[in-house]
Amino acid sequence: MNASTPGPAGAARARPRPENRPPSGGWRIVAAKELADHLGSIRFVVLFVVLGLAGASAVYSVSQQITSVAAGVSTGQSLFPLLFTLSASDIAAATQQTANTPLPSFVTLISLLAPLLGIAFGFDAVNRERADRTLPRLLAQPIYRDDVINGKFAAGLAAIGIALGAVLVVIAAWGVIQLGVVPTAEDVARLVVWYVVAIVYIGFWLALATLCSVVMRRAASSALVAISAWLVFSLFGSLLISTVVGLLAPLSASPTNSEVIANGHLQDALTRISPDGIFQIATQAILDPHVTAGILTIDQRVAVVQQGAPGSILSLDQSLLVVGPQVLAIVALTVVCFALAYIAFMRQEVRA
Amino acid sequence: MVLQPSPRVEGGRDVAIEPVIEARNLTKRYGARVAVDDLSFEVRPGEVFGLLGPNGAGKTTTVLMLLGLTEPTSGEARVVGVDPMRDPLEVKRHVGYMPDTVGFYDGLSARENLAYTARLNRVPRSIATARITDLLTQVGLVDVAEQKVDTFSRGMRQRLGVADALLKDPSVLILDEPTASLDPEGVVDLLALIERIAQERRIAVLLSSHLLDQVQAICHRVGIFYKGRLIAEGSVRDLATEASRTEDVVEVGAQAHDGRPAGVEVITATLRGAPGVASVAPDPDAPDRVLVAGAPGIAGELSSALAAAGLRPIHLRTREERLDAIYPRLVHAAAEAPVQPPRPKRSTARSGPGARGTTPGRPGPRRARPGRAGRPRPDNHDDDPGDTAAGEPG
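Residue numbers (our numbering), protein chains in the order written: chain A, 1 to 352; chain B, 1 to 394.
Simulated from the structure, these hints should not be mistaken for lab results.
It is possible that some hints are incorrect.
[Unchecked claim] Residues from chain B that keep clear of chain A, each with C-beta distances beyond 10 Å, as calculated:
hint	residue
1	E90
2	E195
3	A333
[Claimed, not checked] Cβ pair distances, simulated, as ranges:
hint	chain 1	residue 1	chain 2	residue 2	range
4	A	V335	B	R33	53 to 63 Å
5	A	A269	B	D150	43 to 53 Å
6	B	D150	A	V335	31 to 41 Å
7	B	S153	A	V45	55 to 65 Å
8	A	A189	B	R33	31 to 41 Å
9	B	E76	A	I343	21 to 31 Å
[To be verified] Examples of chain A residues toward chain B, derived with CB under 7 Å:
hint	residue
10	I29
11	T134
12	P136
13	R137
14	P142
15	I143
Source: prediction; values computed, not measured.
Even for Gly, the Cβ is constructed at its ideal location relative to N, Cα and C.
Take these sequences, add in the hints, and give me the full structure.
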């Protein structure tokens, strides 16, 4: 009759002491706490507002003249990605007007903001624990040491993912409701792929900032170094590349084919070193199926020619094939940077 | 000699014979600097062991090695029967640790801070809530449990640190400089708390401090640590007895005949030439008194010397069983003879409270394994500073 009553009680008694469970997943506990901290922090609010402004400016650009742009788009191409890739200057070009608002597209803004996002969530990851003197106490708990840095990295990525994802969804929803631009399944897939690549790219900056926070004792110096790296890559990077290319593979007044190819190859090679450049190429190729020659490297142009006529519309898998090296490079950069932070943290003395 | 993986002290079951902390020839070098040099000691359940020494003596390094947070250069440690380098997680599961200048997440409340520790220790939420409330009550912080920690004073943080260390229901408690930079009242409160916890829970407590006189009252045994080496080990009483065999330190205060207190200078001048006096110095703890070091039993000589000078002694107390009185001498001796540190011998004539079997006649740095003649009887420990050792043979 009462066979059910001893059941739960007996099960409860038979359960092993929870404190003696194998200590797996310590990083999840750390990540949950860090994510909760992030979501309640002022910096998250500020960055969310910045992302929201980027989204709003994109929406504004697109809403101005999407109809006139749409008229100029080749048939068969979806308008949906334009929500994210159209800048005011593109619109002006398409409509033969001068742009009075030089607003960049949403994805351009994101590639500008990505380092800021990554640095904001990583620059004080470890050195704040040192400054608050919570690190020895944290490491004296039964978790592995790498759980701390893994958890912090995961929490940073999650916070960024939440903010970016929310803004993307709002823009897409606005496009559907207000402009009637309905995405196809492939559009959604492209957007998701870009979202993942963007998170990995922001992860690179997060890992770089985390590395700084491990190496630098003070949060302020860590932030400064990370921001300097950002400036070097994004501002001086392209400048440096064009200077080096001009020196090593100059183009004469009437360049020969071999000169152009040598110049192009060098430019490609150097751009691949710059995380900023890689991400921009990947972004354009992933979101824009209507391949325009300007964004592609020599190798990719060859690939496109082999796939079909230049200027044709690529399917998602073909786009991915084209930017495969760039995507891999972004993943590799992030992994290497995080590995450095990880190793530095594991080798550090607990005591400051 | 290998213990079960988790010998917890539970329900009075007798697991108390084996030491829960063993350090054997622990050495840690940072480059050329030796932070800890060939350190050996052990702590048994229910025992409060004080690791005492000046700043930079290597106390924190020792603690970190015991926790597996720093790798020893040589030697080995066993905590709850486990090698902290091989299985640090098992050690950390059973060791509550309060670092020196313990820190908390300032943006979180006391309860939230402890809840995070509970999650990290996989204490189920149902148990954790009650346990946190219970611990906060014990340390007297339950009224401010929901306040953010950045409003807390140092004393409150230290008490919260004790609660934090106890949250995992540890069988060993390691407290690194628990009383540092607390006000006197905070020190008394915290030490009372630690002593009560050690008694109630019957867990081993290892505490390190550079404030000898503060913590000696609650330590059953102490190890004097100097420049990475353990220069003496034993109960406070043993160490003091040994020291008093060669020298007494006497606190002296005196009045002039008109009833006004005689100045420190007057007393110093009077006693400096008295027979058997080795040194006279102002007492840092009392403005009108001096500390006189000299041959054993010098107090009587001092009394007559004061009377001869027309002064009336109003305070004459032989300092004994106070580590701060013997500590400089130990350090001095260690510096003089680094290979043969002094070994305060246990009086064989003594019986009763002081005669514990843990360190039979061999306090001090030991290369060999100590005997295990008996188990500690911390309940009977007797470190009352007022209890002089005058009756000891010497």
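Exercise for review: Any hints from earlier that this structure breaks? Give me their numbers in increasing order, please.
Suggested key: Of the numbered hints, 1, 4, 7, 8 do not hold.
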